[in-house]
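Trainee: Line by line, the protein sequences are chains A and B. Each residue of the first sequence is one higher than the one before, starting from 24 at the first, in the working numbering. Each residue of the second sequence is one higher than the one before, starting from 951 at the first, in the working numbering.
Just to be clear, a hint being listed does not mean it is correct.
[Claimed, not checked] To give a feel for the contact side, a few chain B residues facing chain A, derived at Cβ under 7 Å:
{"#": "1", "residue": "Val980"}
{"#": "2", "residue": "Ala1068"}
{"#": "3", "residue": "Gly1086"}
{"#": "4", "residue": "Gly1152"}
{"#": "5", "residue": "Met1246"}
{"#": "6", "residue": "Pro1368"}
{"#": "7", "residue": "Val1371"}
Source of the hints: derived by calculation from the structure; they are not laboratory data. Beta carbons are placed, not taken as given, at the ideal position from N, Cα and C, and that holds for glycine.
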Amino acid sequence: MRRAIHTLSATFAAVAAIGIVVLMGITVADVIRRALTDKSIQGGIELAPLILVGAVLLGLGYAEQTRTNVRTSLVTSRLAARPRAAVRCVGFVVVIGLVLWMVWETADRARSAVEIGEVTPGFVGLPAWPARVAIPIGLGVLALELLLQLLDELRVLAGREPVERTA
Amino acid sequence: MSVSVALIIALVVFGALLAAEMPVALALAVAGATGLLLIDGVEQTAATLASAPFEATSGYSLVVIPMFILMGVLIANAGVLSDLFSLANRLTRRIPGGLGVATVMSAAGFAAVTGSSAAAVATLGRLCVGEMRKHGYSVRLAAGIVAASGTLGILIPPSIVLVIYGVLTTESIGALLLAGVVPGILTAVVYIITIVTLVRIGYGRADDAVRVEAAGPADTASTARLREYESAFYILIVFVVVLGGIYGGIFTETEAGAMGALCALVILFIRGSRTELGLWRSLAAALRESAAVTSMIFALLIGGSVFTLFLVSGRLPNDLTDWVIGLDVSSHVVLLIFLLVLLVLGALIDGVSILLLTVPLAYPVITELGFSGIWFGVIMVKMIEIGLLTPPFGINVYLVAGVVKGVRVEDAFRGAFPFVVAEICVVTILIAFPELVTWLPDLARD
Chain A
24 MRRAIHTLSA TFAAVAAIGI VVLMGITVAD VIRRALTDKS IQGGIELAPL ILVGAVLLGL
84 GYAEQTRTNV RTSLVTSRLA ARPRAAVRCV GFVVVIGLVL WMVWETADRA RSAVEIGEVT
144 PGFVGLPAWP ARVAIPIGLG VLALELLLQL LDELRVLAGR EPVERTA
Chain B
951 MSVSVALIIA LVVFGALLAA EMPVALALAV AGATGLLLID GVEQTAATLA SAPFEATSGY
1011 SLVVIPMFIL MGVLIANAGV LSDLFSLANR LTRRIPGGLG VATVMSAAGF AAVTGSSAAA
1071 VATLGRLCVG EMRKHGYSVR LAAGIVAASG TLGILIPPSI VLVIYGVLTT ESIGALLLAG
1131 VVPGILTAVV YIITIVTLVR IGYGRADDAV RVEAAGPADT ASTARLREYE SAFYILIVFV
1191 VVLGGIYGGI FTETEAGAMG ALCALVILFI RGSRTELGLW RSLAAALRES AAVTSMIFAL
1251 LIGGSVFTLF LVSGRLPNDL TDWVIGLDVS SHVVLLIFLL VLLVLGALID GVSILLLTVP
1311 LAYPVITELG FSGIWFGVIM VKMIEIGLLT PPFGINVYLV AGVVKGVRVE DAFRGAFPFV
1371 VAEICVVTIL IAFPELVTWL PDLARD
């Protein structure tokens, strides 16, 4: 299961990375087109934020997997292994609860965006629902990565060997 | 429930989750959601959680953040920093404490193309600390120099922290980036003066006489020199494209970031085959890192937006502003109190989190008191820089201790102390002469 979740996070991160490169490409193309023809790419300004939403949310799981997310071990580093695991368990339960609540709420929002065929405001009116759908997916992968860490802490709490981090 | 009680409970929740080593972004979101639940109920909180991830990430002006991240990560993976250090090392070998000066100069050059300090500290730590140790620098001075040099990355443009400040306050991001130039250079100069002074008074016992020999035959080889100048040239190009584009009004900040990232991509393609990992692995590593760092920054923005919505919902920024304006104290006393709060927070949490926690409250007060929002942004970054060097959270110090064998955290904190004093001097200068910050953005506007 661990490998499957990590692979899922890494795959979404690859999609996110492609999204960032596409963002760069769209913006550069817009600059070049404006320099040559004095006109911007139609819909470029509407499309970029939608790609950004997807890139950001789909990379969340990988950011957690690689421990890129900022945290401080100021208190936990001073604790023995089992009290540390207990404190972390409580923390993980709380944050996983919030992320799952966000998954629920954003999934509901995504469903209504698909149903009504939500489009961006403005002249071009691009479909906004793919970005809306990416949000609960990205948050869901983040929840899975957090859940893995909770299970690791529970192992320590049960007196078993901690799992070595590979990322 | 009263708003002030809700605020206290939210802050306790935030602190408890930080203590439990949870990601700061999620701690902010949980604290904000708790506050909202207490003052607005379940429905309003659910609506906030449903909208925050989209609202906090879907602005066109936010595209500049991944562009600057991509640019910095690509350049870092192209391996230009080691060449920059070799070049600076050669240029400064006759100066007392020249190796330390070279470290600051190469960090300043690297800061001109990357918006964060971690990459610079990690690379310079591996490169410079051992070299400085060989030439008589004490461990603490060598580690302190590297940790302090790394702080330049978050002030000298492109600074991601300043971009986020611009996003939170709606101050012009272009003006903020230009505002960081003079204070950034000033900080580098003050660091250099600090190093030369420390070496002269015998703090580090740097033995510069043997440096020419230590530089070795590679230093004199024309190919090595050519590579050094090539790297410096690349950095100059990216800096000119980004800052020149913004200053000259040719590009928006987002476009400048994208053009800079494109230049960085080209540089990685030229240099990639000469890196340790080779072109494709370097590129893949850079793209993966860009995705992770982008998500990390935006996770903070999402969590911060939930927390800010709680503050705004409870009218806390307005109430604080009204209360402070009603006090019979000088505006500089209020500023000093804010700076002290930032100093304390800087010792506990990272820079972006500090911005997300304090800007919604501090910015309205400071601007209402007549201070420039642009100037305050730079002052905030300076305080965050100090936080990177002070215990217990001084992240740059931990980074140096983490990447260099034989460097203890306590030694690195001691070594960073003179630079904290130097930073406080720079902040004092910038408060006394705010024109040093506002001059360049004003010039660009005219």
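Trainee: Compare the structure with each hint and give your call.
Mentor: A quick look at each hint next to the structure:
Satisfaction of the interface hint for Val980 (chain B) is found here, the shortest Cβ-Cβ separation to chain A being roughly 5 Å, below the 7 Å cut-off. A least Cβ separation of about 10 Å between Ala1068 (chain B) and chain A goes past the 7 Å threshold, and the interface hint is therefore violated. The closest approach between the C-beta of Gly1086 (chain B) and any C-beta of chain A is roughly 33 Å, which is over the 7 Å cut-off, so the hint fails. Among the interface hints, the one on Gly1152 (chain B) is violated; its C-beta lies about 35 Å from the nearest C-beta in chain A, farther than the 7 Å criterion.
Taken as an interface hint, Met1246 (chain B) checks out: its beta carbon lies about 5 Å from the nearest beta carbon of chain A, inside 7 Å. Annotation: Pro1368 (chain B) was flagged as interfacial toward chain A, and the flag is violated, the nearest CB pair being 24 Å apart, outside 7 Å. Proximity of Val1371 (chain B) to chain A is violated relative to the hint, the smallest CB-CB distance being about 24 Å (cut-off 7 Å).
Comparing the model with each numbered hint stated earlier shows that hints 2, 3, 4, 6 and 7 do not hold.
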